[in-house]
Amino acid sequence: MAVRTEPFVLNMGPVHPSTHGVFRMRVTLDGEVVVDIEPVFGYLHRGIEKLAEQRTYTGVIPLTDRLDYISSMSNNLAYCLAAEKLAGIKVPERAEYIRVIMSELQRVAALLIAVGAFLNDCGAYFTPFLYMFRERERIVDLFEMASGQRLTYNYMRVGGVSQDLPEEFMPALRKFMDMMPRFMDEYDQLLMQNEILLARAKGVGILSKEQAINCSISGPVLRASGVKWDIRQADPYSIYDRFDFDIPTQTTGDCYDRYRQRVEETRQSLRIIRQAMEQLPSGPVRAEVPHLVRPPVGEAYAHIEAPKGELGFYLVSDNSIAPYRCHIRPPSLINLTALRDMVRGWKIADLIIIFGSIDITVGEIDR
Amino acid sequence: MEIEPAKKYIYSDIELDREEGQVIEDLKAQSQQPIPDPDQWLDEELEQNILLTSVDALINWGRRSSLWTAICFPACCAFEMIAANGPRFDLARFGMEILRASPRQADLMITAGTLTWKMAPNVRRIYNQMAEPKWVIAMGACAISGGIFASAEYAVVPGYNRIIPVDVYVPGCPPRPEALIYGIQMLQKKIARRKNIDVRKILER
Amino acid sequence: MTVALSGKEVASKIEEKFSGSVVESTPENLVVKSDQLLDVARFLKETGGLDFDYLNFVTAVDYYDHFEVAYLLSSLEHNHSLMVKARCYDRENPALPSVTGLWQGADFQEREIYDLFGINFEGHPSMKRIFLWDGFEGHPLRKDYI
Ligand code: SF4
Numbered sequence: 001m002a003v004r005t006e007p008f009v010l011n012m013g014p015v016h017p018s019t020h021g022v023f024r025m026r027v028t029l030d031g032e033v034v035v036d037i038e039p040v041f042g043y044l045h046r047g048i049e050k051l052a053e054q055r056t057y058t059g060v061i062p063l064t065d066r067l068d069y070i071s072s073m074s075n076n077l078a079y080c081l082a083a084e085k086l087a088g089i090k091v092p093e094r095a096e097y098i099r100v101i102m103s104e105l106q107r108v109a110a111l112l113i114a115v116g117a118f119l120n121d122c123g124a125y126f127t128p129f130l131y132m133f134r135e136r137e138r139i140v141d142l143f144e145m146a147s148g149q150r151l152t153y154n155y156m157r158v159g160g161v162s163q164d165l166p167e168e169f170m171p172a173l174r175k176f177m178d179m180m181p182r183f184m185d186e187y188d189q190l191l192m193q194n195e196i197l198l199a200r201a202k203g204v205g206i207l208s209k210e211q212a213i214n215c216s217i218s219g220p221v222l223r224a225s226g227v228k229w230d231i232r233q234a235d236p237y238s239i240y241d242r243f244d245f246d247i248p249t250q251t252t253g254d255c256y257d258r259y260r261q262r263v264e265e266t267r268q269s270l271r272i273i274r275q276a277m278e279q280l281p282s283g284p285v286r287a288e289v290p291h292l293v294r295p296p297v298g299e300a301y302a303h304i305e306a307p308k309g310e311l312g313f314y315l316v317s318d319n320s321i322a323p324y325r326c327h328i329r330p331p332s333l334i335n336l337t338a339l340r341d342m343v344r345g346w347k348i349a350d351l352i353i354i355f356g357s358i359d360i361t362v363g364e365i366d367r
Numbered sequence: 001m002e003i004e005p006a007k008k009y010i011y012s013d014i015e016l017d018r019e020e021g022q023v024i025e026d027l028k029a030q031s032q033q034p035i036p037d038p039d040q041w042l043d044e045e046l047e048q049n050i051l052l053t054s055v056d057a058l059i060n061w062g063r064r065s066s067l068w069t070a071i072c073f074p075a076c077c078a079f080e081m082i083a084a085n086g087p088r089f090d091l092a093r094f095g096m097e098i099l100r101a102s103p104r105q106a107d108l109m110i111t112a113g114t115l116t117w118k119m120a121p122n123v124r125r126i127y128n129q130m131a132e133p134k135w136v137i138a139m140g141a142c143a144i145s146g147g148i149f150a151s152a153e154y155a156v157v158p159g160y161n162r163i164i165p166v167d168v169y170v171p172g173c174p175p176r177p178e179a180l181i182y183g184i185q186m187l188q189k190k191i192a193r194r195k196n197i198d199v200r201k202i203l204e205r
Numbered sequence: 001m002t003v004a005l006s007g008k009e010v011a012s013k014i015e016e017k018f019s020g021s022v023v024e025s026t027p028e029n030l031v032v033k034s035d036q037l038l039d040v041a042r043f044l045k046e047t048g049g050l051d052f053d054y055l056n057f058v059t060a061v062d063y064y065d066h067f068e069v070a071y072l073l074s075s076l077e078h079n080h081s082l083m084v085k086a087r088c089y090d091r092e093n094p095a096l097p098s099v100t101g102l103w104q105g106a107d108f109q110e111r112e113i114y115d116l117f118g119i120n121f122e123g124h125p126s127m128k129r130i131f132l133w134d135g136f137e138g139h140p141l142r143k144d145y146i
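Residue numbers (our numbering), protein chains in the order written: chain X, 1 to 367; chain D, 1 to 205; chain B, 1 to 146.
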């Protein structure tokens, strides 16, 4: 006989080890079963969109770094693409390649963290996370060589990148590229068929294809549900049409698929980096752009496939040196739309891993 | 004896929201001035002890070599904080590899990230829940003054010292893990110099 | 490559069905009357050949005398996109119909617009502040806020 209990409300967050920052949920539970959740945002609302209206076009770039702070390079790229589209600036060849290399390296780093954090939520406390951090440190070293910063790179500029790669960058990158596949194999061996992972993640938190599309889900979460939609191929920006890579997809859309999807995407990113390294031309890295960009009156939307999904910037210009309006399309926020439907009926322990498998960064949700 | 109906304590979402908003507004009104930095905490119960200096040294050694950190990771700086915990920088050398999810088991709070007014009551609560003696390291420009976001006054608190007393400030946006480790060492020195027992007071007695 | 459909062409299709609903159309976007927004949105979503099943984003812009709410729609099947806009002239109580019934992805974004601009989306399941707290005065992203 099933015993019915009175539903009660449990507060989770904003400071909780597995809410990835300061995210809060009001969970209504019936015993251990999740009946309803209500996400509460805003604990990191820093007014980035408001601040962007008071800064010059170049001055917004440091703010974009702090959106999704584990993939700053991608944010830089998305913003610069939008500003360039608005002002009609063409970027030199070499800069395009450097941008691709950087944003793909960033994807590898961000996906590593996503995978590590997910395993952390599954109960493998901190060990996989530390493994992933070991590799991430190597990527961060590369970024530091190029930009001088470890987290908030502020590397790209409207019209190119801030400076050329230093001499020691390419050998270091080559060395990293030789090492990385070995690490990937190591993880696969440790984790792919891990019984605990399978038991906890397989079949849990299924997101159907139709619902994923209706909820505007993007990125690995969308592709794990079986929709072959990657902006790098669907709407190629920068020079992504020159590279040869696959878009992996999964079929069921459960937590395990989302995890697998991320691992497979990392391999594709490495493929792109390898091609870009071979083709890297020499030449200038920055177009002749005045210090104060004054785009004509108009609006532009540019989007990229960031590690978390479709990251877009919608800029409106009134022909002054500051954007009239700078809207950011945050993949993390929009990917959470489906969370409520995904967790209903699951146990509270599953809520943690379903939430972990969506992979959010609060800086981007609240902006 | 009549048992009160449970319904009385079940609040609707709207009530919860309103209550939270009220708390935030109250705190905002109270904390318009920075709190001065704490120099010393006075522990009264140890005054009777005779082994004055050596006890001091022993207590301080114990306290400073196993600082446990409470989780308070609002924003970007958190990643440098985790990196400092990570394999390369290995904070475990300083006896503080453990991140405590429960503030009651922690004695150090590293405030890694921007503080917003909405978050402020929660940080205050975490601080209040930590057991004495406790220390705070403000990590990053945002934690010191609001940093790059200071001009978004409507949402961002200009520095953690409006809410809680801060012992050590580590500048940078974000500070490198080395800088954080240096900050921790400074805090350890500060603890080492602490007098738990006031000799003069005892002699006067 | 995602093809950005010409607002003018789509406008003529919409006009056939709902005459007088399109206020303005340019090659980049089209502006529809706010009270007919929902009908037009449903038409765009359900008509074969258009099939806008994916809502990229919703946002608002404050132009002092009016608010402009922009919807970027895409079709994953045909790989084309279209920017649809609606305007509200009322600064005190701006309101628009909510499209959450058609695209659930608009849920949090409409709440965000309500929070930061004060535009009320009628028919949204829980229209309340999302980032700022209950009791906060004003709407920060309006141009006249401080
Ligand atoms: S100081 Fe810089 S890195 Fe740290 S939280 Fe603030 S903006 Fe982020």
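Incorrect hints may have been included.
Listing some non-contacts, in silico: residues in chain X with all C-beta distances to chain D over 12 Å [unchecked claim]:
1) Glu32
2) Leu44
3) Arg138
4) Met170
5) Pro171
6) Leu190
7) Ile196
8) Lys228
9) Ser282
10) Val289
11) Ser320
12) Ile348
Computed cross-link-like contacts, DSSO-like style, restricted to lysine-lysine with a CA-CA straight-line distance of at most 27 Å [stated by the list, open to error]:
13) B/Lys143 - D/Lys28
14) B/Lys128 - D/Lys28
15) B/Lys128 - X/Lys85
16) B/Lys143 - X/Lys209
Hints were generated in silico from the structure; no laboratory data involved.
Glycine included, each C-beta is placed from N, C-alpha and C at the ideal position.
Exercise. Which numbered conditions among the earlier hints are violated in the structure presented, ordered from lowest to highest?
Worked result: 2, 3, 15, 16
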